[in-house]
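There are 2 protein chains.
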Amino acid sequence: MRATLIYGAGDVRVETVPDPKVLEPTDALVRVTRACICGSDLWPYRSMPVSERGERIGHEFLGVIEDVGTDVEGLSPGDLVVAPFVWSDGTCDFCREGLQTSCRRGGLWARGGIDGGQGEAVRVPRAQGTLVKLPPTEDPALLASLLSLSDVFPTGYHCARTAGVDPQTTVTVIGDGAVGLSAVLSAKRLGAERIILMGRHDERTALGREFGATDVVAARGEEGIAAVRELTGGDGTHTVLECVGLREALETAFAVCRDGGTVSRVGAPQYGELPMGFPVFMRNITLTGGVAPARAYIDELLADVLEGRVQPGRVFDRTVALGDIAGGYRGMTDRTALKVLVCP
Amino acid sequence: MRATLIYGAGDVRVETVPDPKVLEPTDALVRVTRACICGSDLWPYRSMPVSERGERIGHEFLGVIEDVGTDVEGLSPGDLVVAPFVWSDGTCDFCREGLQTSCRRGGLWARGGIDGGQGEAVRVPRAQGTLVKLPPTEDPALLASLLSLSDVFPTGYHCARTAGVDPQTTVTVIGDGAVGLSAVLSAKRLGAERIILMGRHDERTALGREFGATDVVAARGEEGIAAVRELTGGDGTHTVLECVGLREALETAFAVCRDGGTVSRVGAPQYGELPMGFPVFMRNITLTGGVAPARAYIDELLADVLEGRVQPGRVFDRTVALGDIAGGYRGMTDRTALKVLVCP
Numbered sequence: 039m040r041a042t043l044i045y046g047a048g049d050v051r052v053e054t055v056p057d058p059k060v061l062e063p064t065d066a067l068v069r070v071t072r073a074c075i076c077g078s079d080l081w082p083y084r085s086m087p088v089s090e091r092g093e094r095i096g097h098e099f100l101g102v103i104e105d106v107g108t109d110v111e112g113l114s115p116g117d118l119v120v121a122p123f124v125w126s127d128g129t130c131d132f133c134r135e136g137l138q139t140s141c142r143r144g145g146l147w148a149r150g151g152i153d154g155g156q157g158e159a160v161r162v163p164r165a166q167g168t169l170v171k172l173p174p175t176e177d178p179a180l181l182a183s184l185l186s187l188s189d190v191f192p193t194g195y196h197c198a199r200t201a202g203v204d205p206q207t208t209v210t211v212i213g214d215g216a217v218g219l220s221a222v223l224s225a226k227r228l229g230a231e232r233i234i235l236m237g238r239h240d241e242r243t244a245l246g247r248e249f250g251a252t253d254v255v256a257a258r259g260e261e262g263i264a265a266v267r268e269l270t271g272g273d274g275t276h277t278v279l280e281c282v283g284l285r286e287a288l289e290t291a292f293a294v295c296r297d298g299g300t301v302s303r304v305g306a307p308q309y310g311e312l313p314m315g316f317p318v319f320m321r322n323i324t325l326t327g328g329v330a331p332a333r334a335y336i337d338e339l340l341a342d343v344l345e346g347r348v349q350p351g352r353v354f355d356r357t358v359a360l361g362d363i364a365g366g367y368r369g370m371t372d373r374t375a376l377k378v379l380v381c382p
Numbered sequence: 039m040r041a042t043l044i045y046g047a048g049d050v051r052v053e054t055v056p057d058p059k060v061l062e063p064t065d066a067l068v069r070v071t072r073a074c075i076c077g078s079d080l081w082p083y084r085s086m087p088v089s090e091r092g093e094r095i096g097h098e099f100l101g102v103i104e105d106v107g108t109d110v111e112g113l114s115p116g117d118l119v120v121a122p123f124v125w126s127d128g129t130c131d132f133c134r135e136g137l138q139t140s141c142r143r144g145g146l147w148a149r150g151g152i153d154g155g156q157g158e159a160v161r162v163p164r165a166q167g168t169l170v171k172l173p174p175t176e177d178p179a180l181l182a183s184l185l186s187l188s189d190v191f192p193t194g195y196h197c198a199r200t201a202g203v204d205p206q207t208t209v210t211v212i213g214d215g216a217v218g219l220s221a222v223l224s225a226k227r228l229g230a231e232r233i234i235l236m237g238r239h240d241e242r243t244a245l246g247r248e249f250g251a252t253d254v255v256a257a258r259g260e261e262g263i264a265a266v267r268e269l270t271g272g273d274g275t276h277t278v279l280e281c282v283g284l285r286e287a288l289e290t291a292f293a294v295c296r297d298g299g300t301v302s303r304v305g306a307p308q309y310g311e312l313p314m315g316f317p318v319f320m321r322n323i324t325l326t327g328g329v330a331p332a333r334a335y336i337d338e339l340l341a342d343v344l345e346g347r348v349q350p351g352r353v354f355d356r357t358v359a360l361g362d363i364a365g366g367y368r369g370m371t372d373r374t375a376l377k378v379l380v381c382p
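Keeping their order, the protein sequence lines are chains R and G.
Here my numbering is used: the first residue of the first sequence is 39, the next is one more, and so on.
Here my numbering is used: the first residue of the second sequence is 39, the next is one more, and so on.
Bound conformation, chain R alone (with noise of 0.2 angstroms):
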C-alpha cells in the first residue's frame, strides 16, 4: 500500500509500504477513506532532523474495515470507523475512567511499528477498544466532522472541559488554529455565552464567530493582553483555553486570566518549563489540560455530530489525495489552509 512518511524538515514522502494486515487476534484492519493533517503534524515538519529511513506520520483517520482479529467483538467488515488519535485497549482502569491516553495497554500511531494515518490503510491494534463504529454515510461534510473526532474536536472539547467551562464562565480561547476554533465550538456547546478568541487570522475567526465567539481580539502579546482585559473589566476571564502550545500563549494565558481561574493548555508543549512562580500562584491559577482522550469524548459528541447540531467538520478547508499530501502540508505551514483532509 502507499502511506506517507516524514524523512525530516519539510520532506514528506508518499511511498509504498508493506500491506498491514492483522497479526494479533485483537487487531482490525482499516482501510483508510480520511485522513488529515494535524498541526502538531507540524512541529517535525518544521524542526525534524534528517532521517534515513523516514517514520511514518500521521494519527487522524477514518475508514472502513476490511478485517478483524479472532477476539474482536462488534465489529465487522464493511463497518465505517473512525480511530482516536491514541489506541487503547478499553478495559483497564484508565480507560474505563475516560483516560484511554494512558491507558496500561495503548500508544500512538505511527510509533513502534504500528501504522500512521496517512496512509491507504492501518492495522488497528486493540481494535475493539479504539475504533469508534459509524452509521454508515457518504456525505462529505458529515465525514469531515465525523473524522473531526479523531483528534480535533475532541482536543478542543477536552481544553473545554478541564478548564470547567460552564454557562457562568466566560472564555478566551489563544489560537484560531483548528483546535482553537474546536475549543470556541466546545466552549459554546458546553452553555459559555462570553467567548473571546485571540486570533489573527480574518477567514479563520471569521468561522470562529460562526462557531460562537462573541470577541475577536487579533492583537498578541502585551497589546492583546490589554485588550482582553479591557473587555473583561480588567479582570481577564475565568477560563483561558490555550490551543498552540508555544510559551509565550501561555504567558499569555496566565495573564488574560481572573484570579482564581483555570488555563487549560491542549497545544503540544513546545516547551519545557513555565513559570509559575509567586504571580500566578498569588491569583490562585490552575493550569490543567494535556493530551485529549479523544476516545472518551467520541461517545459524549458523536449524536450532536450525527444530528448536525455542531459542524466541527468545518475545520477543514482544502482537501488532497494522499498523492498530493505534500501541498498539504506546505499549506498548512504556510498558513494558506487551515486544515487539510486527505483522501486515499
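For the record, the hints were derived by calculation from the structure and aren't laboratory data.
Fair warning: there could be bad hints in the mix.
[Said to hold, decoys possible] Derived coverage of chain R by chain G (criterion: at least 3 residues anywhere in the stretch with Cβ under 8 angstroms from a Cβ of chain G; other residues may be distant):
#, region
1, 133–146
2, 291–305
3, 308–317
4, 325–334
[Unchecked claim] Here are the computed distance ranges between Cβ atoms for each label pair:
#, chain 1, residue 1, chain 2, residue 2, range
5, R, Phe316, G, Glu268, 28 to 36 angstroms
6, G, Asp337, R, Ala256, 43 to 51 angstroms
7, R, Arg238, G, Ala244, 53 to 61 angstroms
8, R, Gly229, G, Gly229, 26 to 34 angstroms
9, G, Pro115, R, Glu338, 56 to 64 angstroms
10, R, Phe316, G, Ser89, 16 to 24 angstroms
11, G, Gly229, R, Gln206, 23 to 31 angstroms
12, G, Thr371, R, Arg238, 46 to 54 angstroms
In this text, all values refer to a predicted model and were calculated from it rather than measured experimentally.
Virtual Cβ for every residue (Gly too), placed ideally from N, Cα, C.
For this one, chain R is given, so just place chain G on it according to the hints.
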C-alpha cells in the same frame, strides 16, 4: 508598643514602635494575645538582605478588640477575634466568591504601613470583612487551634480542597512541616482513606499519623518517589499536596501523581519556573492551589475547632514570649521546633 522587626537574614528584633490606633472608620484596633511564626517567615529570616530601617513581620494573630471605627458593625471592644493572614473587605466580588486573597481593597500584613502580627497590637484595616469573632475562651489548647485558623490550618485545607480530595482519592502529602501536617488533617477531614506523608522528622510524622496519615515515606528524591510508587502499585496517588515550596518538592509531586491526577501547591514558591512540558502534559496532570483564602475557610472550619473534632493547634510545640521571639525563629530554622506560638 513592642513589635517584631526583621533587619535581615538571622536578625529579628523586638522594638518599641508607635502605638497603633483606629485611623479609618473601617479599622479596628486589636490587642494581640496569641501570634506565631510561619514557615514562610523563615524565607526572609534565611535570605533577606540587610535593611537599615527594619521591616515589620508576622501575619497570624488572635486577640481582643480594643477599639473600632464608626463604620464597623458586629464587632465591639472586648470581643475575641482571629485574623486571616490577608486582610480583605468582605464585600467585593472576589470576597463574595471566597477568594479574599484577591480582594479589591485588601492586602498583606506588615506591608505598606500596616502592622505585622508579631507585636502587641495591630490596626486592622477593613475590620468587618477581615476579622472573625470567636466565643470567649482561655483554654490554651483551644486558643492554639483557633490561632491556627489564621493561616496554617486553612492553608493545608486549601491544598486538600483545591486538589479535590474526597473519600475516593488517594493522597500524598509532601512536607512534614506545620502546613503539611495541616494538609494531612484536612485530607482526613475530607474523607481520604489513604494518606501517604512524605517527611523525614519522626516526631512530626508521628503527629501526622495521629492526624490521619496511613503511610510515612522518609526518603526523598528518586528514592522517595520510588517508595510512594511502590505503595500505590506503581501509579502514584490521585492527589498530591505540596506543602514545601521548593522546586524539588514540585518535581517529586509530579512524579508521585497518578496520570490524570492533581498536584496542589501551597508552599510559598521559592522557584520561578516549573517543568510543565511534554511529560506532565501527556499525563494530564493538573497543577492547582496557591495562596489560601483563609478567611473563606474559617467559617467552614470554626465549628469543628470549637467542638474539638479537629485539633490543628497541636502543630504548636513551643511557646515563647514576644521578647524571646528571636529564639523562636532560631528553633524553627534549626528544626528543633515545628511551629512556635508567641504570647505578647
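The hints, checked one at a time:
Only residues whose beta carbon comes within less than 8 angstroms of a beta carbon in chain G count, and the region 133–146 of chain R has 4; three or more means the coverage holds. Under the rule that three or more residues need a Cβ within less than 8 angstroms of chain G, the assignment of the region 291–305 of chain R holds, with 3 such residues. Three residues within the 8 angstroms Cβ limit are the bar, and the region 308–317 of chain R against chain G gives 8, so the coverage statement holds. Proximity of the region 325–334 of chain R to chain G, defined as three or more residues with a beta carbon under 8 angstroms from a beta carbon of that chain, is established by the 6 residues found.
Here the CB-CB span from Phe316/R to Glu268/G is close to 34 angstroms, well matched to the stated 28 to 36 angstroms. Between Asp337/G and Ala256/R the CB atoms are about 45 angstroms apart, so this pair conforms to the stated range of 43 to 51 angstroms. As the Cβ distance of Arg238/R to Ala244/G is approximately 59 angstroms, the hint placing it in 53 to 61 angstroms holds. Checking the proposed 26 to 34 angstroms range against Gly229/R and Gly229/G shows it holds: the Cβ atoms sit about 30 angstroms from each other.
Range check, Pro115/G to Glu338/R: about 59 angstroms between beta-carbon atoms, so the 56 to 64 angstroms window is met. In this structure the hint that Phe316/R and Ser89/G lie 16 to 24 angstroms apart at CB holds, the actual value being about 20 angstroms. At about 27 angstroms, the CB distance of Gly229/G to Gln206/R agrees with the hint of 23 to 31 angstroms. Judged by the Cβ atoms, the range 46 to 54 angstroms given for Thr371/G and Arg238/R holds: they are separated by roughly 52 angstroms.
Taken one by one, the earlier hints all hold for this structure without exception.
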